[in-house]
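Let chain A serve as the given structure and place chain B on it in line with the hints.
Which chain is which? The protein sequence lines are A and B, in order. The first sequence maps to residues -8 to 486 in my numbering. The second sequence maps to residues 125 to 571 in my numbering.
Everything labelled a hint here was simulated from the structure, so no lab data went into it. Don't be surprised by glycine CBs; every beta carbon is placed ideally from N, CA and C. It is possible that part of the hints are untrue.
Claimed, not checked - Think about it this way: if two alpha-carbon atoms lie no more than 30 Å apart in a straight line, the pair counts; the simulated DSS-like pairs of lysine-lysine are:
1) B:Lys528 <-> A:Lys109
2) B:Lys282 <-> A:Lys159
3) A:Lys156 <-> B:Lys282
4) A:Lys1 <-> A:Lys396
5) A:Lys445 <-> A:Lys434
6) A:Lys445 <-> A:Lys388
7) A:Lys449 <-> A:Lys385
8) A:Lys1 <-> A:Lys81
9) A:Lys396 <-> A:Lys449
10) B:Lys528 <-> A:Lys158
11) A:Lys396 <-> A:Lys385
12) A:Lys434 <-> A:Lys449
Stated by the list, open to error - Here are a few chain B residues that sit away from chain A, every Cβ distance over 10 Å (derived from the structure):
13) Met125
14) Gln311
15) Ala317
16) Ser348
17) Ile494
18) Pro500
19) Ala562
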Amino acid sequence: MTTPERWLEKHNRKLLMDRSAPGRIGASHARLDVPESELPDAALLRDNLDMPEVSESEIVRYFSQLSHYNFSIDHNFYPLGSCTMKYNPKINDEMAALPGLSEIHPFQPEETVQGALKLIWHIQEILAEVVGMAGASVSPKAGAESEFAGMLMARAYHLSRGDDKRKKVLIPDSAHGTNPASAVVAGFHVVSLPTNEQGNTDLAALEAAIGDDLAGFMLTQPSTLGIFDTNLSEVIQIVRDAGGILYGDGANLNALLGKVKLGELGFDVVHSNLHKTFTQPHGGGGPGAGAVLVSERLLPYLPEPHVTRAEDEDGERFSLTTPPQSIGRLGPFQGNFGALVRAYAYIRTLGDVGVSQISEDAVINANYILSQLRGTFDLPQDRHCKHEVVFSAKNLKDNFGVSGKDVCKRLIDSGIHPPTMYFPLPDVVEESLLIEPTETESKETLDQFIEVMKLIAKEAEEDPDLLLNAPHNTPNTRLDEALAARRPVLRWSRD
Amino acid sequence: MHDTTATSHYSPNTDSDREAMLAAIGVESAANLFDDIPQDYRFPALDIPAPLSEFELRQELGDLAALNATPGDYACFLGAGSYRHHVPAIVRALAFRGEFLTSYTPYQPEVSQRTLQAHYEFQTLICQLTGMEVANAGMYDGATSLAEAAMMAARITKRNRIVLAETVSPAYQSVVHTYTQGHDNLQVDVIAADGSDIPEDAACVVVQQPNFFGYLNDLEEMASRVHELGALLIVSVDLASLGMFRAPGSYDADIVVAEAQTLGVSPSYGGPYVGVLACRGGRDFLRQLPGRIVGETVDTEGRTGYVLTLQTREQHIRRERATSNICTSVGLIALMSAVYMAAQGKQGLRHTAELCYHKAHYLASLIEDIPGYSLPLQGTFFREFVVQCPLPPSEVNRRLLDYKVIGGLDVSDRFENGMLLCCTDVNTRGEIEALASALAEIGANAS
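Okay, chain A solo, but in the shape it has when bound (with noise of 0.2 Å):
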């Protein structure tokens, strides 16, 4: 039977195809004030062009009515471990769109665009000095792309001494999946590497895995997990020693700003992922912008263009300039500019002091949480925790059979964001919930997250039903994602 919540429902998915009526235009046409041309010949022409027809009042209530659909930062609490869910600044949204830097073009001259020049040159040497590297490209993406960059890099290095033998590359298996899946199209072969009880790389598996067709160990600090590698120079120096390239994921940075870096541990590749440390806002997934940050030996492999500063009596001047074993483009242009302006606004908003302060305040909010709730959840390392802490939901499943996602659905009842879950991989961690506050959080929004923690855990025992089939209050109750794999609809069609 057809209710009004029913009825509002089955409105808000109707798609822009079935809102179309014949005539309607959603945006004012401009006048032609040139003289017309000919068309050309019919045959190049399409006869016929089947998208939507709606009005502008109409688009803009259809997407705002499905806002209350979305979880969002600027709406909720949201500690997606290993994503760094940090408040997004809206100065920086506002700087990214002044004209001087959202109207220019990719190609103009550089001597019409050396303020852009200028400002990827100091985001460039901020991001080197933050991770202590010896310099950096801005113009990977994402972060997996930077990770394709610095496995092309190290590649390249190999190849340049006449290393052809070097086609393994070592990584843990709490890495993230994209670590094995960017070595891979770099043209590596991947051997995983075990992570011991208390969370670190083990030593006797990976000194039994390296050797002379070692090409480089990726790893991250700190791991997945949350934690730092106590093992941490003992590995460096035996990937060192037998020639590999140390490759750090920089995906949990926002743990390490100011505590340590990187470079100086004796790292040949960095990458830092600036939709998260560096607040450019995630967007629905992307877009995102990665630096990739190299020491000295690595330098001439950097890709282009890279921007470079020179200075003489007529003042400063940047370029873009290709290194000198440059890997190559990774894109068409500069890489995404607007992000790069963004991480800049916010760096240079809390500058040395408040970007040291990022850290101290994000590594204290998660072992709050992690004091909080150990007893309530297992705690598979209990130790401190850098930025992030992983829980496990297996008491739970044991004894009263809700799993680590009934906990997150039910969660979703409360106005959270549900933590990472099942990552990292089970293997590594069982029933795993990953937790970053990340340092923009109150403690008064951290304490109700506990309360609602210990509330879950306790339902798990009173009625586990409550968590079996939550959410309970969401547009939308569980989805079937088998049915979507099994019978793909992937677009709109005309019935």
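For chain B alone, coordinates are given in the frame of chain A:
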């Protein structure tokens, strides 16, 4: 004077909050939480500038922006893969709502239906516009879409030779080389644009439509030749042209790639943009398609909803056996282009394409009449065309700045003194005529 004690207005923690939390954690100071970092390397100084207030930041970035010559202040005739258009106000107003701007990848579908439905709209509208059966939710940009499409074609055909027509954008060609360099088995060949010498073992043939120099090709015959050899036809298309020109689906393209920046996104000095990757709908294509895909399904109450689907192709499940390492769909920019396509709609897309066409042809007709300038190419162009100048294009461009004009792209490596000019809906008649008269003066002073 009163001095604030907070270090940042973005973090709520006060000293007493920190003390309370550190006490609950059971450590004396925050420094204890970093004991696991090797002592010699702990707490390095950061040599970065001191903080700026919001007021100072505005000045700083305003000063940087003022160092640039901004299209709008200058007439600008650059295209070549990044295009300026009028963008309706609703594009930004809707895309920049916090619910979308500050949400993450929709891994929790119950609280991400807005994101998912918007992705689904993008996939639908791209299919409608290109005439293809399936599109993914977005790639980094048009060039990486092309590189991924070429590698996808190699996996589908189980062949290793990627063939590029020489009239594919040089920057896109470079990106294909970057993306394939680690794969010793893959070979990249460049052939003449007429497709007369396609190698028999080609996995795919990549053509650009209109080509990099702005001109359209009849691709029907090309498609049948490519298919006879058992290869796939990949078309890198200018989406704005599809308001008036035939859709690649209608001439039997297997995979279509494109840069969706031209649909409602500002040039922003090269990014962020969003790449399109659309293809045939068979399982053999779907299995090899990289990137995110949103699919329709139902919830436990039978209501329609959307989820990320076919995820077993992706890196977070498949790791080293994934179809690609990509982990983003550039959702925000895809949403902007979806809103743009909706706002323009059936009539606006055609209208805008015709504006580009007529303005570019008007400019071309004026330039053809200027002594010393000529159009070296014949055929039908859309909104870009090559002009042969009486001076090196770099010199012409330098002089054009005095007239407050940003000229075209220097393509003198392909055509003697060649310059690639572009007109879109935002180039007014005044700008077009100013460019023509400036070129005439520059030409007259050249000899």
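**OP:** Sort out which numbered hints this structure fails and list those numbers smallest first.
**Re:** 8 and 10
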